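Peer 1: Spelled out, the chains give:
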Amino acid sequence: MAWRWRPRVRSYNAEHFHYEAPQRHFVVDEPQLDIHADRPSSPRREVKSAEYLVALGEVRREIARRPADEWETGLLIKLYARTTDLLKNLSGLSARERAHYPSHLDQRLMERIVDVLEAMILRHNPGAPEAITACLKDLRPGTATRLNQVADSIQMPDGSAMLAVWLASFDQPYHVNVEVRDGLRPRGRRGFMDVCATLVKDILAEAGSVANEFTIGGHPDAPAGK
Amino acid sequence: MNDFRLPGQGNQPASQSLGDVLHDIRSVFHHRHGKRPDVGALLELYGSITSLCARSQRIHTILAARSPEPQSSGELALDDLRPEEVRQFDGFYRELLEFGQCLTEVNLAVIDIYFPGLRHDLVNTTIGDMEFSYFYVNFLAPRYGIADRKLPSALAQFLDRYSHYGGPGNPGEQLMQEFDSNAKSNDRNASFYRYRETPTQVSIPAMLHIIELLEACRGTIRSIVYENWDFRELLDRGSVYEGGIYVAKAEYNVSGSQVGAIGPGAHVHDITFNQQAAGIDAVVLAEQLERLQAELAKHACERDHYVALVAVSDAAADARQGKTSDAVSKLAAVGRWVVDIASKIGVTVAVEAINRATGLG
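Order-wise, the sequence lines are chains A and B. Here the first sequence is numbered in the working numbering, starting from 38 and rising by one per residue. Here the second sequence is numbered in the working numbering, starting from 78 and rising by one per residue.
These are calculated hints, taken from the structure and not from any lab test. Since this is a predicted model, take the numbers as computed values, not measurements. In this text, a Cβ means the ideal position worked out from N, Cα and C, and glycines have one as well. Be aware that a few hints might be false.
Stated by the list, open to error - Residues of chain B placed beyond 12 Å of chain A at every Cβ, according to the derived structure:
| hint | residue |
| --- | --- |
| 1 | 116 |
| 2 | 157 |
| 3 | 194 |
| 4 | 221 |
| 5 | 225 |
| 6 | 238 |
| 7 | 255 |
| 8 | 356 |
| 9 | 358 |
| 10 | 378 |
| 11 | 382 |
| 12 | 398 |
| 13 | 416 |
Stated by the list, open to error - Label pairs and their in silico Cβ distance ranges:
| hint | chain 1 | residue 1 | chain 2 | residue 2 | range |
| --- | --- | --- | --- | --- | --- |
| 14 | A | 61 | B | 413 | 29 to 35 Å |
| 15 | B | 141 | A | 61 | 38 to 44 Å |
| 16 | A | 177 | B | 355 | 25 to 31 Å |
Using the sequences and the hints, build the whole thing.
Peer 2: Okay, structure coming up:
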């Protein structure tokens, strides 16, 4: 969705910052050692890969409160496709092969998760993505402060992890890759994908009548009224 | 790089070739049924067209509202629209571009079936920044025997991305170019789409035609998906992966807990576990579970850890709403790992709730 449009650090004087979930604020990286680097200048990242799963749990609750519409259904199907594909590929591999499985594919899963989170945030804050993007048009020093002003105005009734993961996707520079973030071991990676896939299936299966129409609708075994 | 033209074949507009491409995809998936080639890419395409059509319906509403007879009106400048309407166009453009990306993924899967190895060579040629036209004519076409034959639509559409240097990179961008009023004007050079700009003035008839086309595509893609995927695991969810999310193990050791029903197929109605949550303050429990959740997120690295983490998050949400009993019952899915960390950080009320739910204490 909005992913490819996210601004990226380009200039030498761009500010490097990241979102710290406990403080609920963007924080400038200290020290900003190498401003030209395309890897995070600070090794500390407060949003862990596990937070993505908590965020999906929050999506499940949000969807239970208000069923998905057609646009959201499409996003959920895309996420389902990505998890299904990844899990299928990982299942056929040995632990050693799994360790060397291309990690950019994990990244695409994470992007899909963030797309769904953005849809949930849009439900309660229709102008939030635009406001954030407007702040990021210029990455001069002070960007984190401007972002915090916008972030403070974003309210979610139940979704602190959702908000944290989504806001952290605007980190500059940004690395969504779970291996880069947490150094997931092969065993942990499989477990992560497994739980992620189960959550996504839960969400899609309970996403309401519109989602059912596009998934199990017409299936001979679909329960009446589903 | 020079502009590339497929030898002996005209480059069709994307709106005309889309039907043929989907026909190719359907045919390939049909003949490979059972092996399910890249069904993930196909499902992703389905999700993409679903979102795109939802957006296009909103655009259709805007266009219809601007003119009682939209077919007769000429063009629409986005500057004349309200901010929320512009936002809808922006969303539509993004979905359209993503649809193009997803279709390219499926096209590549189809190309790999028609000509094993060609997909790999095409991708390598693209990322290798070679002179594509020269490489195609002198190496790829002879190697795969495609120099003098009519190409499958999926391959022709993929190759069309090389026809204009800096031009549309995928079918979504090509469709966008078809309704962009300024696409052919002098002030819009070929690099326009390269820098991810989007149309600011659209031809209403062309856009309505594209919207209609996308609706038809959705029907076709939906049929292809249903021919290859039945979403059965959504019906059977919870049985594919042992225990699902809420139940960590398929064995039941009940000690110090209240149980209304247990085991596969067991049912119970209209009971409340008030006693289990008695004496636990919901506000304190919510606050402590949130602290516990933050700590667990730092250490989780295995499947059971992730399951427990999600269960604690669900329990915290219930506690925030004052549903203490529900919160405690959600904690039945957590194990010793959570209790150890909870004890370590001193969240005593949370430990008490977990002990009551699991009987671990």
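Peer 1: All hints, please: hold or fail.
Peer 2: The hints, checked one at a time:
no., hint, verdict
1, 116, "8 Å, violated"
2, 157, "19 Å, holds"
3, 194, "19 Å, holds"
4, 221, "25 Å, holds"
5, 225, "36 Å, holds"
6, 238, "16 Å, holds"
7, 255, "21 Å, holds"
8, 356, "25 Å, holds"
9, 358, "20 Å, holds"
10, 378, "4 Å, violated"
11, 382, "8 Å, violated"
12, 398, "8 Å, violated"
13, 416, "18 Å, holds"
14, A:61 - B:413: 29 to 35 Å, "31 Å, holds"
15, B:141 - A:61: 38 to 44 Å, "43 Å, holds"
16, A:177 - B:355: 25 to 31 Å, "57 Å, violated"
Of the hints listed earlier, those the structure fails to meet are numbers 1, 10, 11, 12, 16, in rising order.
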